Amino acid sequence: MSGGVDSAVAAARAVEAGHDVVGVHLALSENPQAYRSGARGCCTIEDSRDARRAADVIGIPFYIWDMADEFRADVVENFISEYAAGNTPNPCLRCNEKIKFEAVLNRGIAMGFDAVVTGHYAQLRGSADAPTLHRAVDHGKDQSYVLAVLTPEQIRHSLFPLGDTPKEEIRKEAERRGLSVANKPDSHDICFIPSGDNAGWLRDRLGVSEGPIVDEEGNRLGTHQGAFTYTIGQRKGLGISQPSDDGRARYVLKIEPVSNTVVVGAHEALAVSTILGEKLRMCGPTPVGIMRGFAQVRAHGAAIPCTYEFVGDGVTVTLDEPLHGLATGQAVVVYDDDRVVGSATVTATI
Amino acid sequence: MWCRKLRQESWRANLDVAMSTYLDHAATTPMSDAARLAMIDELGNLGNASSLHASGRRSRKVVEEAREAIASAVGATPGEIVLTGSGTEANNLAVKGLYWKRIQEDPANNRIISSSIEHHAVMDPIQWLVDHEGAEVTWISVNDRAQLNVEELVAEIERDPKVALVSIMFANNEVGTLQPLVRVIEAAHKYGIPVHTDAVQAFGKVPLSFKELDLDAMTISGHKIGGPLGIGALIVKKNLKLTPVLHGGGQERDIRSGTLDTPAIRALGVAATEAAEQLTERALRMVELRRELTARVLAEVPDARANGDELTLPGIAHFTFAGAEGDALLLLLDAQGIESSTGSACSAGVPRPSHVLLAMGMSEVDARASLRFSLGFSSTSQDVDALVSVIGGVVERARKAGQVSKR
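Protein sequence lines, in the order shown, are assigned to chains Y and G.
Following full-length UniProt numbering, the numbering of the first sequence begins with 1 at its first residue and continues without gaps.
Following full-length UniProt numbering, the numbering of the second sequence begins with 1 at its first residue and continues without gaps.
It is possible that some hints are incorrect.
[Unchecked claim] Over the 10 Å line for every Cβ pair with chain G, so calculated as not near, a few chain Y residues: (1) Y63; (2) N106; (3) G211; (4) N219; (5) R220; (6) A249; (7) I290; (8) G293.
[Stated by the list, open to error] Not everything, but these chain Y residues come out facing chain G in the computed CB check (under 8 Å): (9) P61; (10) W65; (11) D66; (12) R72; (13) M111; (14) G126; (15) G284; (16) P287.
[What the hints assert, rightly or not] DEER-style ranges, computed between Cβ atoms: (17) Y:G207 to G:R291: 43 to 49 Å; (18) G:A108 to Y:G207: 43 to 49 Å; (19) G:N143 to Y:R156: 25 to 31 Å; (20) Y:R53 to G:E396: 45 to 51 Å; (21) G:E364 to Y:A299: 32 to 38 Å.
Since the hints were made in silico from the structure, they are not lab data.
All values derive from a computational prediction rather than experimental measurement.
Using N, Cα and C, we set each Cβ at its ideal position, and we do this for glycine too.
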């Protein structure tokens with residue numbers, strides 16, 4: 001229980017469904033002092049108190065599990081090293097894969113629990129033995145993208161009680177249930193960067209490393225403080241004083257970590273029509289042959305009609321309409337209608 | 001968020017603690033019937049003990065009778081009892097009050113000597129003085145049974161006797177080890193250094209006399225001896241000056257301000273008297289139960305290790321279950337209605353490896369694999385039976401959980 005409204009209502013619904021429920025709040029910050037500063041994000045002392053209070057109201061036992069070591073090693077350090085390598089990782093996906101549905105789930109199963117319940121907006125369908133993962137009915141709030149790293153075994157030990165309800169209804173339900181977190185704002189930032197200043201946070205850890213900003217022809221346009229603080233498709237904060245020849249906005253096209261170079265250019269140059277992904281995480285059986293479906297590349301991005309084919313440990317996704325701005329390291333999630341087929345880490349785009 | 005599907009071994013109703021087996025008496029212990037009844041009765045009475053009229057005098061009489069009872073129980077004179085709102089407050093008053101007074105007398109007296117296994121209520125005020133007031137601290141080490149290395153303390157005093165105060169706990173709250181206070185006091189008094197002891201865990205469990213030991217300040221707390229929560233006392237030797245921490249009406253010897261909590265004070269007086277009168281009987285029973293608990297837990301989990309010393313508080317049994325994590329053990333025992341403690345947690349409730357166990361030389365992994373069971377005067381052999389009936393299975397499960405979380 002994060003201390004937010006979603007996990008609180010999920011817990012209450014699980015109790016009502018007749019399950020025997022225990023609330024667990026994950027302590028993800030190594031330094032307890034961090035619990036005293038900052039009220040945003042998901043790891044503050046207020047949040048752990050809110051979670052405890054929600055558990056009291058629901059009437060379930062509540063514990064805090066210290067996952068700070070695992071979180072640092074598997075999520076935070078991975079986040080830093082991926083950026084250093086010029087990729088754009090999604091730490092929430094990584095946290096679900098390594099922490100919530102691996103470290104926590106495995107620990108729970110060993111202790112005699114059957115499943116992990118979370119407040120993610122997604123749905124499970126099919127039989128209890130082999131459930132499939134689907135989008136939430138509230139497409140605006142749907143979180144199936146960040147769950148697309150779960151294996152069938154992990155999905156079998158998961159419950160997502162909120163997937164059939166729009167978020168606004170969940171807030172009303174929280175209020176009806178007397179949960180004081182009913183009106184708590186949603187969290188948006190990366191929880192371990194409470195300031196919201198991702199670039200500054202990365203600079204603090206990777207150091208300032210000046211390098212050139214160049215156009216596609218290699219002409220130097222400016223200087224950056226570290227290529228790792230940029231992301232593909234970024235337009236703001238490039239710090240280039242001279243306007244482009246045609247006076248149009250420039251976007252980050254490419255990040256070259258070895259030469260510490262940021263390449264910028266026109267919006268059209270960001271167009272991607274084919275995505276190659278590796279490190280597959282399949283949520284069910286791997287389809288054979290060329291399939292029709294949808295691809296999604298951001299947590300709340302659009303579902304783009306596509307054809308896809310799984311070959312070996314990779315996937316090739318060909319989009320019907322090109323999308324603009326896709327970085328390596330992002331996850332591409334493949335859907336069959338609203339069912340999550342699986343995900344892959346983007347390794348190349350064409 | 002966790003969930004376990006319906007099955008026979010269901011979680012007990014969260015708020016129904018009537019059926020629980022309480023083995024965390026070192027955290028807090030039930031109020032005795034006599035103390036509870038005295039408190040309830042006093043809650044119905046009107047009066048501020050500082051008022052000059054009849055109601056005030058009546059209230060004052062209750063307070064002073066309780067003060068006499070407390071004094072008698074701790075081997076001090078009534079005038080030496082400074083009532084506070086908690087043991088923590090009393091420790092803060094002792095540490096800061098003595099430090100400020102001694103510094104005022106001689107600014108060179110800025111050293112504080114304490115132990116590496118103190119409760120946070122002593123450690124943190126000392127650290128605060130170091131961080132904000134220019135104090136210097138020496139934390140004296142302990143051996144692997146949590147007993148103070150008293151030679152090290154003596155050497156520290158001899159090295160530079162410009163010491164504001166020495167604060168060494170009477171007995172450790174986690175593993176129960178009694179500390180060699182006589183030698184500490186002797187070494188400090190040789191140079192006129194005042195000695196404070198945190199006796200919150202020891203009072204009512206082992207015989208102690210403020211006067212006999214020739215202590216300068218001693219902390220006790222109500223809720224560890226069958227009295228109420230929210231009341232404590234600092235016993236301060238007559239004529240010893242302390243700088244106040246709480247300023248106001250100066251109700252307690254001008255050292256501590258705040259309207260006296262007559263109901264809690266009356267109940268503390270009752271509990272203190274009972275604790276002193278029944279000390280031997282209670283202690284013997286607890287020692288016997290503790291022996292039984294330790295032997296039977298070790299029989300169920302042969303590779304568990306009992307921590308602490310032979311010279312220990314009667315009610316504390318502390319174990320390391322290597323390979324299991326303390327918080328998993330606690331959760332699984334809690335699910336079976338058995339209440340224990342892993343030691344300290346940070347302000348957000350995050351379990352931390354105990355500084356006491358680390359000071360004893362235990363590895364962080366073993367420190368995290370440790371659990372305290374503490375008995376009180378109301379504990380019975382049925383409590384031990386309940387623990388013994390589940391501990392084997394619980395440790396096995398917690399070890400499995402420890403396996404999967406091992407990186």
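Each hint, compared with the structure:
1. Y63: violated, 5 Å
2. N106: violated, 4 Å
3. G211: holds, 35 Å
4. N219: N219 of chain Y is indeed farther than 10 Å from all Cβ atoms of chain G, at 48 Å.
5. R220: holds, 45 Å
6. A249: Given a closest Cβ separation of 44 Å, the condition holds.
7. I290: At about 39 Å from chain G, I290 of chain Y clears the 10 Å cut-off, so the statement holds.
8. G293: holds, 31 Å
9. P61: With a minimum Cβ separation of about 5 Å from chain G (threshold 8 Å), the hint on P61 of chain Y holds.
10. W65: OK, holds: W65 of chain Y within 8 Å of chain G, min 7 Å.
11. D66: Result: holds, 5 Å to nearest chain G Cβ.
12. R72: This hint is violated: R72 of chain Y lies away from chain G, its Cβ roughly 11 Å from the closest one there, beyond 8 Å.
13. M111: holds, 5 Å
14. G126: Because about 18 Å separates G126 of chain Y from the closest Cβ in chain G, which is outside the 8 Å limit, the hint is violated.
15. G284: violated, 22 Å
16. P287: violated, 31 Å
17. Y:G207 to G:R291: 43 to 49 Å: violated, 60 Å
18. G:A108 to Y:G207: 43 to 49 Å: holds, 45 Å
19. G:N143 to Y:R156: 25 to 31 Å: Violated - the Cβ-Cβ distance for N143 of chain G and R156 of chain Y, about 51 Å, lies outside 25 to 31 Å.
20. Y:R53 to G:E396: 45 to 51 Å: violated, 33 Å
21. G:E364 to Y:A299: 32 to 38 Å: holds, 36 Å
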